[in-house]
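Colleague: The chain contents come next:
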Amino acid sequence: MTRAAYIARRMMLMIPTAIGITLVTFLMLHLIPGDPAITMLGVRATPQRIAFLHREWGLNKPLVEQYWLFLTHILTGNFGKSLFYNSSATGIIIGDSAVTLLLIVYAALLSILVAVPLAVLAATHKDGPADQTVRAIPLVGMGMPSAWVGIMLILLLGLKAHVFPVGGYGTQFLGHLYSMFLPSLTLALGIAPVLVRSLRSSLIDSLEAEYVATARSKGIPERRVLMRHAVRNAIVSSVTILGLQIAWLISGTVVVETVFGLPGVGALMINSIYRRDFPVVQGITFVLALAVIFTNLATDILRSLLDPRVRFE
Amino acid sequence: MHEIRNHEQGTGGGSRLRRREFLGAAALTGLGITSGGSLVAACGSSAPGSSTSSSAPGRGGNVIFARTADPTTLDPAPPFDNEAIWTVLNLYDCLYTVTPNGHGSMPWLAVGHEISSDNLTWTFHLRPGVKFSDGKPLTAADVKFTLERSAKDPNGYVLAAVKAIDAPDAFTVVIHTKHPWGPLIGDLAMYSNAILPKDLGGMSATEFFKRPVGTGPFMVQSWAKGQQLTLVRNPHYWRKGRPFLDSVTFTTVPDDNTRVLQLRGGQADIIEFPPFSVISSLQATSGVKVNLFPSTWVSYIAMNEKKPQFSDVHVRRAISYAIDRNAIIRSVLFGHAQPAASFFSPGWAFYDPNTPRLWYNLAKAKQELSMSTFPQGFSATYTVVAGDTVNSAIAQIVQANLKKIGINLAIQSYDISAFNALTQEGKYDLAPNYYTLDIGDPDENTPWAIDPVYGGSNSLNTWYNNPEVLKLTYASEHTIDPKKRASIYARIQDIVAMDCPFAELYYQPYPYAQKTSVQGFTTAPTGNYHLEDVWLTS
Numbered sequence: 001m002t003r004a005a006y007i008a009r010r011m012m013l014m015i016p017t018a019i020g021i022t023l024v025t026f027l028m029l030h031l032i033p034g035d036p037a038i039t040m041l042g043v044r045a046t047p048q049r050i051a052f053l054h055r056e057w058g059l060n061k062p063l064v065e066q067y068w069l070f071l072t073h074i075l076t077g078n079f080g081k082s083l084f085y086n087s088s089a090t091g092i093i094i095g096d097s098a099v100t101l102l103l104i105v106y107a108a109l110l111s112i113l114v115a116v117p118l119a120v121l122a123a124t125h126k127d128g129p130a131d132q133t134v135r136a137i138p139l140v141g142m143g144m145p146s147a148w149v150g151i152m153l154i155l156l157l158g159l160k161a162h163v164f165p166v167g168g169y170g171t172q173f174l175g176h177l178y179s180m181f182l183p184s185l186t187l188a189l190g191i192a193p194v195l196v197r198s199l200r201s202s203l204i205d206s207l208e209a210e211y212v213a214t215a216r217s218k219g220i221p222e223r224r225v226l227m228r229h230a231v232r233n234a235i236v237s238s239v240t241i242l243g244l245q246i247a248w249l250i251s252g253t254v255v256v257e258t259v260f261g262l263p264g265v266g267a268l269m270i271n272s273i274y275r276r277d278f279p280v281v282q283g284i285t286f287v288l289a290l291a292v293i294f295t296n297l298a299t300d301i302l303r304s305l306l307d308p309r310v311r312f313e
Numbered sequence: 001m002h003e004i005r006n007h008e009q010g011t012g013g014g015s016r017l018r019r020r021e022f023l024g025a026a027a028l029t030g031l032g033i034t035s036g037g038s039l040v041a042a043c044g045s046s047a048p049g050s051s052t053s054s055s056a057p058g059r060g061g062n063v064i065f066a067r068t069a070d071p072t073t074l075d076p077a078p079p080f081d082n083e084a085i086w087t088v089l090n091l092y093d094c095l096y097t098v099t100p101n102g103h104g105s106m107p108w109l110a111v112g113h114e115i116s117s118d119n120l121t122w123t124f125h126l127r128p129g130v131k132f133s134d135g136k137p138l139t140a141a142d143v144k145f146t147l148e149r150s151a152k153d154p155n156g157y158v159l160a161a162v163k164a165i166d167a168p169d170a171f172t173v174v175i176h177t178k179h180p181w182g183p184l185i186g187d188l189a190m191y192s193n194a195i196l197p198k199d200l201g202g203m204s205a206t207e208f209f210k211r212p213v214g215t216g217p218f219m220v221q222s223w224a225k226g227q228q229l230t231l232v233r234n235p236h237y238w239r240k241g242r243p244f245l246d247s248v249t250f251t252t253v254p255d256d257n258t259r260v261l262q263l264r265g266g267q268a269d270i271i272e273f274p275p276f277s278v279i280s281s282l283q284a285t286s287g288v289k290v291n292l293f294p295s296t297w298v299s300y301i302a303m304n305e306k307k308p309q310f311s312d313v314h315v316r317r318a319i320s321y322a323i324d325r326n327a328i329i330r331s332v333l334f335g336h337a338q339p340a341a342s343f344f345s346p347g348w349a350f351y352d353p354n355t356p357r358l359w360y361n362l363a364k365a366k367q368e369l370s371m372s373t374f375p376q377g378f379s380a381t382y383t384v385v386a387g388d389t390v391n392s393a394i395a396q397i398v399q400a401n402l403k404k405i406g407i408n409l410a411i412q413s414y415d416i417s418a419f420n421a422l423t424q425e426g427k428y429d430l431a432p433n434y435y436t437l438d439i440g441d442p443d444e445n446t447p448w449a450i451d452p453v454y455g456g457s458n459s460l461n462t463w464y465n466n467p468e469v470l471k472l473t474y475a476s477e478h479t480i481d482p483k484k485r486a487s488i489y490a491r492i493q494d495i496v497a498m499d500c501p502f503a504e505l506y507y508q509p510y511p512y513a514q515k516t517s518v519q520g521f522t523t524a525p526t527g528n529y530h531l532e533d534v535w536l537t538s
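Chains as they are written, first to last, in the numbering used here: chain V, 1 to 313; chain A, 1 to 538.
Among the hints, erroneous ones may be present.
Under the rule of at most 25 Å between Cα atoms (straight-line distance), these lysine-lysine pairs were calculated in the BS3-like manner [what the hints assert, rightly or not]:
hint, chain 1, residue 1, chain 2, residue 2
1, V, Lys81, A, Lys210
2, A, Lys163, A, Lys178
3, V, Lys160, A, Lys289
4, V, Lys81, A, Lys152
5, A, Lys427, A, Lys306
6, A, Lys178, A, Lys152
7, A, Lys427, A, Lys307
8, A, Lys136, A, Lys240
9, A, Lys306, A, Lys403
10, V, Lys160, A, Lys515
11, A, Lys144, A, Lys210
12, A, Lys152, A, Lys163
The set of hints was computed from the structure by calculation and includes no laboratory data.
Being a predicted model, the structure only gives us computed values, none of them experimental.
All chains, please: the whole structure from these sequences, using the hints.
Modeller: Below you can see the structure in the form of C-alpha cells.
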C-alpha cells in the first residue's frame, strides 16, 4: 500500500471513531443528573423558566433528534450555541484551543530539548555516574504529579526569583512564550523522563550496532557518528513514544491550565461539564478526539519519513 | 400626600443602630472595612463627583481583576450570576443604586421622586446632563423602553406590580402600579432595570450587546469569552472626573489558589474571593491588602419538608439547636463569619438582630427531638457539592453534631449541576446552600424563601409553607412606610426562625485581596462595585 492510500484509509477510519466518541459523550451527558437550566437559574429556577430555557435551547426535543441535529451541525463545522455564553460554541472552542495548542507544542519542544542531550549524555557514558544520575532523576520526576510540579515552579521561579509570571497568557507571540514557559515546562517535565529512558536505551543499541562501528572505522568524527548515525536511528522509536505522550498531554493540560489559570480548552471542558453546557462539551470532545487521532496518524507518517524500512499494511 | 425624597430611603432608625453594632463586631474580628465616603458624596443630587478622600486620586492605568467565573452575558435583564451582575452595573446605571450600607437605595440616574396620595403613581425626575457612551442624551423614553423590556425577562418579577409607564417629558418618568408597592425604589435599583438606549439604538440584541451602549463609567473594548473582558473609560460619563482608571481587565481564574498566586506574583491587581484559609497569610504579605466587605450572604442548611422527618418542626428545631455554629466558624471559616439566626442578613434592609436564636444547646436539641415523632432519632442524607471545600468541612462537623442527638447523616457529594437538580426536584434530606441579595430591599428574596407556590423556588426547595408568613410578606409589599415594613419584617423573621425551615448557619463577608497600590475599591453588601471610584497609586 502506498503512503497516500494508507493515509486515506486512516482518515476514513477517523469518521466512525469520531462519531462513536460523540455518541458516547452525548449519552453520558444526558444520563447523569443535572440540568443546565437549573444550574443557570440556581435557587431562582421556576418550572416556567426551566421550560422556557429548554425550549430556547432545544432540550425539549427527543434525544435522537437532538443528537441528529448535533451530527448534522458538525458537518458544517458548527457545534451549536453555548448555553452558558449564548453564543457560538465553535468560536469559543477555537479561541481556547489556540491556548492549548500552543501549550502542547511548546511542551513537546521543551521536552525534546531536555530529553535529547540527557539521553545522549547517559548513553555515551553508559553505566557511569552521569548515566546513573540521568536515569535516577526522571524516576523522581515521573512520581511527581504535574499539579504539584506546577505549584513548585510558581513558588520558585515566579514568586521567589521573579523570573517568570505565575499565570496568565500574555499578549503578542513573545509574551505568550514568556507567560507560558512555566506551564509548558511543567508538562514537559512530566513526559521528558519517558523520552529520556526510551531514547537512552535505543541509543545504546545503535551505538553498539555494526553500522556505527563501520562509520567509526571509516574515520568519521565521533560527534558526526553520534548525531548522524546513532541518534537518527535511535530517535525513530522515540517519535512513537512522543506521539503517544502528546495524546496524553492533551488530557494533561486540564490540570496545568487550572493551576496556571490559562484560558485553554481543558479548563473550558471542566467548567462546561459543571454547567452542563452540552454543545461546548460535545464540541470539545469531538475536537480532542480528532486531535488524538491526528497525532497518532502524524506520528506514523513521521516514523515512515525517518525510517524507510517502515511499511504500510 | 406628596413627598420628595432626595436622599436615601430610610429603613427606620433601628436598623441603623444594628448596622453600627454589626460594623463594631466586624472591626473586633479584624475585618478591614474601607470607607464608602466617595460614594456617599456622590449620591446627593447637588454635587455628583465630589470626593471626600484625603489624597487626590490619580488618573489613568489599568486594573487586572481576577474573578472566579466569566459573566454569562452583558445584557442586564436576564442574568442570575454575580459576575454578570457586577459587570453590567459598571456598563449601565439604574435610576437608583444601593446605598453603601446595603440598607436602602439612593438616587442615581433619577434625582428624586414624588408619590401620589393613593400610593399608586410614582413620578421620577431624571438627572439632567447624563449621556450614553455614544454621546446621546439619556431621556425618559429610554427609561420607559428599558423597564418595559426588562419586565418581560425572568427577572421581570420585580416589576410585577407595575401597570404602566409614561414618559410625559424628556426628564420625567411616571410609573403606575396595580396596588401600593413598597419595594419599588429598591426594585428600580436592581441590575435588571439598568437603563439601555431606546430600541437598543435600532440594533438587534445580539448586535447591541457585542458593543453595548450605556451611561455607566465603562464601555466594552473586547471580550474573548472564557478568557478576558476588557472595559475602557466612557468619555461621556456623567460623574465628573470619573472613572479614574483608563481600563479594567476582568480575567477568569476559577482556581482559588491560582488567583492568590496571581496576586502575589503581580499578575492580578484585585482578586475575588481568596479562600478564608489563606486570609491571614495574605494579610501578612507586603504589598497586599485583604478586605472582608460585609455582605448580604446567608448560609443555611435546607431541610426538605417533603420528607416526614423534616416536616416535623421539632426535628427541624432539634437540628438547629444541635449545630455548633461557633465551631464551624472557627475551624472552617477561620473566624471570618458570624452565626446566623434570621434568614435576613445584617446586610439586608429590615434585618432584625433580635430574632430568636436556635443555636447550639444540646439539652434543648434533645428536648425538641423527644417532642417529635422521631424521639429515637433516624438516619438521613446530607448532600453537598463535590469540590466545595467549605461545605465538605462543615458537613463533617454537622455529622458529628447531629450524631449526639441520634441523627446519623450519610454525606453525599454531587457536582454542582446534579446538586441543583436534586435539590430542585426534592430528592434530598438536608443540603447546605446560600443566597445573596442584589438590592436594598429584602423583597427580592423573601418570596423565594418562604412561598412554596408563587415564590418560584418551592421555598428554597424546602417546601416550607406557613400561611401567616405569606400574608405578612405580601402585606409588607403593599406597604410604603418603611417603619411599618420594618415591624412586619421583624415579625416574619421571628416566625421563620421558630418554624426553622432552614437551619441558618452564618453570615459571611465578601473577601477580596488587592495590591496596596489599588485605592478606593469597595463593595456594597449586595456585592456590586463602583469601579469608577477606583484609582491607582504608583
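Colleague: Given the hint that Lys427/A pairs with Lys306/A, does the C-alpha gap stay at or below 25 Å?
Modeller: holds, 9 Å
Colleague: Given the hinted pair Lys144/A and Lys210/A, is their Cα-Cα distance within 25 Å?
Modeller: Between Lys144/A and Lys210/A the Cα gap is close to 23 Å, so the pair holds against 25 Å.
Colleague: Has the given pair, Lys136/A with Lys240/A, been kept, meaning a C-alpha gap of at most 25 Å?
Modeller: Judged against 25 Å, a Cα distance of about 17 Å means the pair holds.
Colleague: Are the Cα positions of Lys160/V and Lys289/A separated by 25 Å at most?
Modeller: It holds: about 19 Å lies between the C-alpha atoms, which stays within 25 Å.
Colleague: Does the structure keep Lys163/A and Lys178/A at a Cα separation of 25 Å or less?
Modeller: holds, 5 Å
Colleague: For a C-alpha distance cap of 25 Å, please report whether Lys178/A and Lys152/A respect it.
Modeller: With Cα atoms ~17 Å apart, Lys178/A and Lys152/A stay inside 25 Å; holds.
Colleague: For a C-alpha distance cap of 25 Å, please report whether Lys81/V and Lys210/A respect it.
Modeller: With Cα atoms ~16 Å apart, Lys81/V and Lys210/A stay inside 25 Å; holds.
Colleague: Take the C-alpha atoms of Lys160/V and Lys515/A, compute the straight-line distance between them, and say whether it is at most 25 Å.
Modeller: holds, 17 Å
Colleague: Taking 25 Å as the top limit, are the C-alpha atoms of Lys306/A and Lys403/A close enough?
Modeller: With Cα atoms ~22 Å apart, Lys306/A and Lys403/A stay inside 25 Å; holds.
Colleague: CA of Lys152/A to CA of Lys163/A, is that 25 Å or under?
Modeller: holds, 13 Å
Colleague: Within 25 Å, alpha carbon to alpha carbon, are Lys427/A and Lys307/A?
Modeller: The given pair, whose Cα atoms are some 9 Å apart, holds under the 25 Å limit.
Colleague: Please verify whether Lys81/V and Lys152/A have alpha carbons no more than 25 Å apart.
Modeller: holds, 23 Å
Checked against the numbered hints above, the structure violates none of them.
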